[in-house]
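Kindly generate the complete structure, drawing on both the sequences and the hints.
What follows is each chain in one-letter form.
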Amino acid sequence: MNLTLHVWRQSGPKAPGKLEQYEAKNVSPDQSFLEMLDEVNEHLIKEGKDPIAFDHDCREGICGMCSQVINGVPHGGQERTTVCQLHMRNFNDGDTIYIEPWRALAFPIQKDLIVDRNALEKIMQAGGYTSCHTGGVADGNAILVPKIAADYAMDAAECIGCGACVAACPNGSAMLYTSAKVAQLAALPQGQAEAAERVCAMTEAMQEAGFGNCSNHYECQAACPKGINVKFIARLNREYQKALFK
Amino acid sequence: MILDGKCPKGPIQTSWDRHRFDLKLVNPANKRKYKVLVVGTGLAGGAAAATLGELGYNVEAFCYQDSARRAHSIAAQGGINAAKNYPNDGDSIYRLFYDTIKGGDFRAREADVWRLAQVSNNIIDQCVAQGVPFARDYAGYLDNRSFGGAQVSRTFYARGQTGQQLLLGAYSALSRQVKAGTVKLFARTEMLDLVVVDGEAKGITVRDLITGEIRTHVGDAVVLATGGYVNVFYLSTNAMGCSVTANWRAHKKGAFFANPCYTQIHPTCIPQHGEHQSKLTLMSESLRNDGRCWAPKKKGDNRHPNDIPEEERDYYLERKYPSFGNLAPRDIASRAAKEQCDDGRGVGPGGRGVNLDFSDAIKRVGEHTIRERYGNLFEMYEKITDENAYKQPMRMYPAPHYSMGGLWVDYNCESNVPGLFVLGEANFSVHGANRLGASALMQGLADGYFVIPYTIANYLAKTKPGAVKADHPECKKSVEDVKSYNNRLLNINGKKTVSEFHRELGKIMWENVGMARSEESLKDAIKRIPVLREEFWKNVKVTGKGEELNQQLENAGRVADFLEFGELMAKDALHRNESCGGHFRTEHQMPDGEAKRDDENYCYVGAWEFKGVDKEPELHKEPLTFENVHLAVRSYK
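Protein sequence lines correspond, in order, to chains A and B.
Number 175 in numbering that gives the first Met the number 0 belongs to position 176 of the first sequence; there are no gaps in the numbering.
Number 398 in numbering that gives the first Met the number 0 belongs to position 399 of the second sequence; there are no gaps in the numbering.
Simulated from the structure, these hints should not be mistaken for lab results.
The beta carbon of each residue, even a glycine, is placed where N, CA and C say it ideally should be.
Check the hints yourself; a few may be wrong.
[Said to hold, decoys possible] These stretches of chain B come out as covered by chain A in the derived footprint (C-beta under 8 Å, 3 or more residues):
| id | region |
| --- | --- |
| 1 | 114-124 |
| 2 | 157-167 |
| 3 | 360-373 |
| 4 | 382-396 |
| 5 | 500-513 |
| 6 | 545-556 |
| 7 | 584-590 |
[As the list claims (entries may be wrong)] Pairs of lysine-lysine residues, derived as DSSO-like cross-links and limited to a Cα-Cα distance of at most 27 Å, are as follows:
| id | chain 1 | residue 1 | chain 2 | residue 2 |
| --- | --- | --- | --- | --- |
| 8 | B | K537 | B | K5 |
| 9 | B | K537 | A | K48 |
| 10 | A | K45 | B | K475 |
| 11 | B | K544 | A | K17 |
| 12 | A | K24 | B | K468 |
| 13 | B | K506 | A | K45 |
| 14 | B | K382 | B | K34 |
| 15 | B | K8 | B | K251 |
| 16 | A | K45 | B | K537 |
| 17 | A | K24 | B | K540 |
| 18 | B | K32 | B | K475 |
| 19 | B | K544 | B | K475 |
| 20 | A | K24 | B | K5 |
Here it is, written out as structure tokens:
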């Protein structure tokens, strides 16, 4: 099939950006979206033009590196799918496709479709861990974790940190991302001791980084390639309130 | 040169404990005077950086991704082994050690494997303390399953995302140290050279992938934990950025490359669909518990698989290996599938696939049960291929998956270049010839959490901190070398893209140095790779500049290294006149197709010394001795 692409091109963080038009010809329906872009790039290189810069790595939907807003939807809108796992058979011959980077105040554009997601790192560094030193910890079975708590923690831990939740949110909020880690550690005995400190520190880091607040649009959950549930945002709010009353 | 692995002598059971006691310590107040550079932030590198930071060392950690959490360790799904014996089924450190030595086809060091088995238990405790949500039973205890043909249930898992969860554990420990200021993290930074001063590793030269700046970081020791090299085949299950570059550049500065020919080919991957595919996706091997492998008996039979009658199907694994059938070991199943396809009986686009048929199992236990067992895999398969595997067979083809060779290290994980330590998949140790399931995660974390913190102190204690400064002539030279290398790439301005060269190299490697190699195919590769390399340096086209975000330049450097490394891999495979595990030479096989080892002549580690790009590398040997597990033929019958 043949497609018309409108791709956001921006040479650097300060440079002006604009949508440029490209033709993608003879696209196989079995190709992934990124493989389609690879081929467009091969043509651009041969013409001596600058290929489209985009982030990608594992290409099996788990590393969280890929990040594109396709036709207005992060990761292209197929349920529970990262852009690297989106396949061209979801498009039709003759389609026009708009490809843009993650859009959020906290994610400055580096080049073309590549953004800087360091703000997510800052949130993790603020408290997304248990303060255990290596070695000298108790036997794994010494701390019992009820299966229900372990499963709940696991549901939250599935977040791959891609930032689609931020890109989808009209407020550019990182609350789904932050809530996943807060909820995971709050549900486990290991994370209890620091729970109050953690939720405050991570919430503060979130605000400092320039993320907005949640106003219950649920766009984050819809865009999340791992199906992280907004119930964790409720948990984040509850943990935060609990901490304030401490 | 006969290499010394510096393994402790005496009873194996106490070898690590005694060695650990003999290692020198660094006074707590002095630790912060030392700077350690850690390259790679996966399981091994992330764990090492976090742990060294906790101890008080000054750590700088580097990764090419935008976050330490994205290392490819994240994609390892199956599980992690430990000798906890929680299920009370007879596991022990000794048994894990024994299984791993045998699984490694007697091409790993006993002492290293013992230590791995011993610290495996600490790993689980550590991860649990970090809040890794391992599977639990209803009483709240950790759950185990059996994996990779082991006869005991020693595998700990977190749904199908064990690698991700373990990596996030290490990443959280790392994040904590970044906050504490002991670790400085440099993301989107790629190591392009090792700085060696007076024979010791004292720095790395890196490229900032955003600005293109080339600069040197100096330290008192360098730790490489940069993963494996199977992307030399172009198509593999590895992430796109996985490369041999850091290892190869260190190799060019004197570090020996050990056993590069040992690679693991995984039998159950989704086949390639066309010329422009970028990678292969692994499907869990557990599918072969219920799926039956077959190929049409007739060559070029392109009927729909459901239209091919029973008598015209060849259930080749069941036919050739009646006792193991579809559960034949990874190397055997992989080779058998490729044989079917090479014989013109492959299925799917390009004839590079065999059927993995669930129809009998569905008839036997019902679709519901199959859905419960493998539902997520069937979904993933459908997403990629658009085929419903409940209604027709899946198509499978083997793919390069894991490197078991790597830079040579001694028992302390130190390479032959003093001060250069190598961890995880990047080193050659432990796995020997044939990695068993659920052991890669174990090695990465063992090296990072529980080995390097002890062994690096032994080196640092003998080293004056801060001896080399950033203005040292070797640093300046390194920066100039990297710049001129990159400029050379940028100025060729030829006609072919980097990917075209990579694909061509991949074809040579897969056909000649892939899962079955022969003297003839290897000699052919050794002839063809330098020709392709020469063409690359004359005809590659890299657009853009060096001083900017330039993904073409990043790739060009990586492929340039693969074009040199591929030749060494072929040479290693040619010199090793035997088959062992993942290294299969067609001239050396048992009548039933099993690998035929030659312990008399090849029971050693082959470590290569770099002599120049178009010069013959020199082989050094480290003999392997087996005192605890006696050399025996590996049999899965």
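Hints violated by the structure (numbers, ascending) = 3, 5, 7, 8, 10, 12, 14, 15, 20
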